[in-house]
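**Q** Each chain, written out:
Number of protein chains: 2
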Amino acid sequence: MELHILEHRLRVASIPKDGLPQFTHSLIKLIFLPTKTRCKFISLTETPEDYTIIVDEEGFREFPESDHLSVADAVWLALNVVSGGGSSSSSQPIGVTKIAKSVIAPLADHNISVFMLSTYQTDFILVRERDLPLVMHTLSAEFTIFRVVNGEAVSVDNLGITNGFVKPKLAERRIVHPLSSPSNMFCVTSLDPVTLPTIATLLMDVMFYSNGVKDSTTGSEESGHIRFFSFSLIEGYISFVMDEQTQQRFPNNLLFTSASGELWKMVRIGGQPLGFDESGIVAQISEPLAAADIPAYYISTFKFDHALVPEENINSVINALRVTQAEKQ
Amino acid sequence: MELHILEHRLRVASIPKDGLPQFTHSLIKLIFLPTKTRCKFISLTETPEDYTIIVDEEGFREFPESDHLSVADAVWLALNVVSGGGSSSSSQPIGVTKIAKSVIAPLADHNISVFMLSTYQTDFILVRERDLPLVMHTLSAEFTIFRVVNGEAVSVDNLGITNGFVKPKLAERRIVHPLSSPSNMFCVTSLDPVTLPTIATLLMDVMFYSNGVKDSTTGSEESGHIRFFSFSLIEGYISFVMDEQTQQRFPNNLLFTSASGELWKMVRIGGQPLGFDESGIVAQISEPLAAADIPAYYISTFKFDHALVPEENINSVINALRVTQAEKQ
Chain A
0 MELHILEHRL RVASIPKDGL PQFTHSLIKL IFLPTKTRCK FISLTETPED YTIIVDEEGF
60 REFPESDHLS VADAVWLALN VVSGGGSSSS SQPIGVTKIA KSVIAPLADH NISVFMLSTY
120 QTDFILVRER DLPLVMHTLS AEFTIFRVVN GEAVSVDNLG ITNGFVKPKL AERRIVHPLS
180 SPSNMFCVTS LDPVTLPTIA TLLMDVMFYS NGVKDSTTGS EESGHIRFFS FSLIEGYISF
240 VMDEQTQQRF PNNLLFTSAS GELWKMVRIG GQPLGFDESG IVAQISEPLA AADIPAYYIS
300 TFKFDHALVP EENINSVINA LRVTQAEKQ
Chain B
0 MELHILEHRL RVASIPKDGL PQFTHSLIKL IFLPTKTRCK FISLTETPED YTIIVDEEGF
60 REFPESDHLS VADAVWLALN VVSGGGSSSS SQPIGVTKIA KSVIAPLADH NISVFMLSTY
120 QTDFILVRER DLPLVMHTLS AEFTIFRVVN GEAVSVDNLG ITNGFVKPKL AERRIVHPLS
180 SPSNMFCVTS LDPVTLPTIA TLLMDVMFYS NGVKDSTTGS EESGHIRFFS FSLIEGYISF
240 VMDEQTQQRF PNNLLFTSAS GELWKMVRIG GQPLGFDESG IVAQISEPLA AADIPAYYIS
300 TFKFDHALVP EENINSVINA LRVTQAEKQ
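Those protein sequences? They're chains A and B, same order as listed. With numbering that gives the first Met the number 0, the residue at position 100 of the first sequence is 99, and numbering never jumps. With numbering that gives the first Met the number 0, the residue at position 200 of the second sequence is 199, and numbering never jumps.
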């Protein structure tokens, strides 16, 4: 298999819920006006805690200086596993399950923290740029590694790169985090970028003006519902994660859904903000899922992590994760 | 004829060119998400100097507190002349010419300053709320005056209201301001509000992201072109004033144009910011136009005034205005 190191140099940032209006101008430019910007990687995820933004340097420059923006202290690079001859096959197990053993577990074993972004199209594994030599060393046994340069995948001679760092001891992964599962169900979907302008006002409403809105059809958070909406526009591809109630606001037949039109339940990881330094969180979740062959999407945000699993698997997933946690404690 | 005093309590404000991003969030809500706001009167006009906003109190509350917002120190009310039996006829002379003698001149004679906003649908004459008794006294000879209350036009017993003020001496209108005429041509147009979402991204681009863009087809301001774009959404009706080059960015057949598809030339009034206290500026322009029976739209902004006259009349208009100015000096 091939591992591609993409050329976007990414920043991960958090905007507090009431700080969003300061950034609406920049976000609209990055999301709706592609000809006005050189940004090629923008992701915006709303959770009850904040808005998490992942954006390349070109996009980051569009944001105003603001006390409201918390920025993780590193440049991140996105890794992408490409199966077979350069394009991923849709018959593969999807999401983080597919890469749990080959990527997530080895990185966790080497104490490398990762930030995950699953999309409709693929799964991005973000690692700190400064960890790249160790990442490449760790994954070179399993993968042919390419680095994308000016849009071209160039094979990496990793011997030269893996010199010059001290190989750390294998980490013991002991830390466990509380899990919870909101009651709403989610879909992972996409859209032809050509049709994005036709839903611009709706999408702006959902992304920028629906914060804290009590929706009578979905109930409040007391009913176990959670506010969670994720949008990404990466190299021209659009991806959404939204709950069933939000999906119903979109016109029929505009959003792509998988053939089964399946819905996903969420597992939230973290009782308090997870930070960026701890490694092994994604592994803690993805390994039991891989062992049980349960597909899963995985979205890290600034404060918490989120896995999406098929509705019918949610109980077994929660049980399996709790067993794993009990063993580690 | 009837004069309607509308119930919107309006604020007139100015945003500097580089301050707009702070207000994009609020403006998008007011312009594109009508179900999210109780605002019924919003107008945004970009000139080379600034963005002028006219907005009702409900809309004004949406704006963040900001050093970047200059607000004229009064509440303004909009007057609207209704011809005949309640609906204006399109065969009438249009714009400020129609009301020059009956409204504009008498108000100027009584030293009442006005702020004009012509739209595709009608012409709003804004007066300060505190001037209303004098306005009603001044115009009661010519008009049956109605005040709109909860959407209903209620006849005004103006005897009670016109007591209690000192009738000022008739003002001599001596002040003259420099005139200029940009080389670009403008259209006054509208749109079915139902189709507004379909051009949301284009309209956002034009309104929020085209400031200072050098457009190779229009040339720079050195060529005599001016940046001028006006949008209003008033009681559900949309109106635009835009130049020919901007109009060409819109899809065919979406914008309403008058049967003749005519283009208008602009006369800009003011060598330096006009302020809000001087009366008679609109009269200075509209009276010669009315005398020559030349239709005109008129848009006041925070710093300058703008008249639009038919392309074929621009030279005679400029000449007529210069003669008038020479007589007054």
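Read the hints as simulated data drawn from the structure, not as lab findings. Hints may contain errors.
Subject to a maximum C-alpha distance of 27 Å in a straight line, what follows is the list of computed DSSO-like cross-link-like pairs (lysine-lysine) [stated by the list, open to error]: (1) A/Lys-16 x B/Lys-35; (2) B/Lys-35 x B/Lys-302; (3) B/Lys-100 x A/Lys-35; (4) B/Lys-100 x B/Lys-302.
All of these numbers come straight from a predicted model, not from anything done at the bench.
**Q** Would you mind marking each hint as holding or not holding in the structure?
**A** How the hints compare with the structure:
no.	hint	result
1	A/Lys-16 x B/Lys-35	18 Å, holds
2	B/Lys-35 x B/Lys-302	31 Å, violated
3	B/Lys-100 x A/Lys-35	47 Å, violated
4	B/Lys-100 x B/Lys-302	25 Å, holds
Comparing the model with each earlier hint shows violations of hints 2, 3; every other hint is respected.
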